[in-house]
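*Asks:* Using the hints, put the two standalone chains together into the complex.
These protein sequence lines map, in sequence, to chains G and U. At position 49 of the first sequence the residue is numbered 48 (numbering that gives the first Met the number 0), and the sequence of numbers has no breaks. At position 140 of the second sequence the residue is numbered 139 (numbering that gives the first Met the number 0), and the sequence of numbers has no breaks.
Calculated directly from the structure, the hints in this document are not laboratory data. Where hints are given, some of them may not hold.
[What the hints assert, rightly or not] Here chain U is said to cover these stretches of chain G; the calculated rule only asks that three of the stretch's residues, wherever they fall, bring their Cβ under 8 Å from a Cβ of chain U:
(1) 8-22
(2) 33-45
(3) 48-61
[To be verified] Stretches of chain U that chain G covers, calculated by requiring three or more beta carbons in the stretch to come under 8 Å of a beta carbon on chain G:
(4) 5-12
(5) 50-62
(6) 107-121
(7) 127-133
[What the hints assert, rightly or not] FRET-style restraints, in silico, Cβ to Cβ:
(8) U:Arg161 with G:Cys2: 26 to 32 Å
(9) G:Pro20 with U:Val31: 22 to 28 Å
(10) U:Arg64 with G:Ser19: 41 to 47 Å
(11) G:Arg7 with U:Gly123: 20 to 26 Å
(12) G:Asp31 with U:Glu97: 26 to 32 Å
(13) G:Asn17 with U:Gly162: 35 to 41 Å
(14) G:Pro20 with U:Lys2: 25 to 31 Å
(15) G:Arg11 with U:Gly47: 22 to 28 Å
The beta-carbon is built from N, C-alpha and C at its ideal position, and this holds for glycine as well.
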Amino acid sequence: MKCEEYRRICNRRLDERNRSPLAAEAELHVRDCPRCNAYARAMFQIDAGLRSLPEVQVPEEVLASALSEGGRCVGPGRELLNRVGRGVAAGFPPAIAWSLGGLLHSPSDTAMQFLLVSAAVALFALTALRPRLSA
Amino acid sequence: MAKEFAPRLYRHAYRSLGDSHLAAEAVQETLVRVHRSLPDFRGECALGTWIYRIAVNTITSYRRRRHNHSISFVGTGDIQYIIDEEGDLEEAFDRKLECERLARCIAKLSPRESAAITLFYMDGYGYKEIASILETSVDCVGLLLHRGREHLRVLLAGTRERGEI
Ligand SMILES: [Zn+2]
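Bound conformation, chain U alone (with noise of 0.2 Å):
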């Protein structure tokens, strides 16, 4: 089982957490949690889901206890500013540029975003899945993707503006 998750938990807290050595502590620590809560699980999920709850909770926990003084995670207020600059949009990018800083900004993002995005783009649930994992509706997942996808596009446009990579 932990030859099955584990490289698939990495891929996932490595895109939340947006560290490798950060993402490797946390796939350890879920494994150790999931080892200790086993005996508990009921069978009223998949074992995925339950497995991927765990990880989206230690993830988040990690986040909290690491990294709380460095995130200021965006507001609904700046979503104006990115439906007000167009210029940009037609701009030529370095590919490789924009990837590297669209996967530091999904770390950037508030948890429960970077986990939404992060279990839909990279793990491939789908809303049902991840509303299970979440413990969420669907229609919050909807929302919370939605919102994910904005913030993105405000952390993003702050990146290029500063010259961040």
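Pulled out of the complex, with its shape left as it was, chain G reads as follows (with noise of 0.2 Å):
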């Protein structure tokens, strides 16, 4: 094998939860091969300099504004509640194309009344609730 492998044995034996040992021969290179033995030492230091560092402190501010953005936001109930909106909002055009179908077989008064005033909401709820439901 090549130094490169065992460098490469090294390596890969730094990340291993429960490390094992070195191969008989693996071991026996790294320990008389000058180069390899110093890479060996050198990715050991700074793997433990890795596993050492002190872990990083949280800044107040950080969790007060994520848990504003996560209040406004996230979370699989207000998820559903938007869902359930988008669905409510999408179902407006359908609703006047079946009135308007209505209309078309028995035109009335009463029915163009109905029409109008359920196009008028209908309108009015896709303009106000489209923009919050894709915020």
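*Replies:* Right, here's the structure in full:
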């Protein structure tokens, strides 16, 4: 095996949760080859340094702003409401089309009034709800 | 959900970016992106994996946008140097100073190396989860960690030589 292969084995071993000992052949090479030996020790030192870095303290304001962001939006309950809202908003145009169809079949003043009112309500609901739902 | 993930994302972002303001901004942007994309989340992976994927992408774009001019990633050619210089390995060193240097060097790695190192060492993820977050293969994660440590060694040697913190 080439030096590069031994170094790859050394590196891979650093990532193991329960480190197994190096195979006898690799162990011998890393012990006797000065360059691989230096490499293995350097990598071990970096690995140890990374494992011993102190935990980052989270500033209060990060949590506060995250919570305001979270409260404004995320969460399965809120998401469900949004989906229902979108569904209702999407249902308005077919409802108007259906009313129009009915009107053409049996025109009457009452039906016309009903259609105009429902069209106005639907338009208002669409313009008022859409931006909020997609925000 | 934001309450659960914000501290973890902040720690990850801080280690990757090396700056508390940028880290806070990146967390905020990540949460906004998570919120916007939540309706499209189909559950193909764990929610945490998906959120981290968004975080890593956000952090990467932050690094490209704001740090491009000041970061020069180390190349593979520099690695020979760490094999040749043996002397300072035995030197006694100020542990705290060395920790600070190491932490700063993580932010100077390439975005994917920095993400892999941070996910592995700080977030405690294994190869499989990191592969899923970075949308790459398990073998590539091993390579990113391997190269990341080598580059950290080069960067550390450089900062020590220049007497930087
Ligand atoms: Zn060798």
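*Asks:* What hint numbers does the structure not satisfy?
*Replies:* 5, 7, 9, 14
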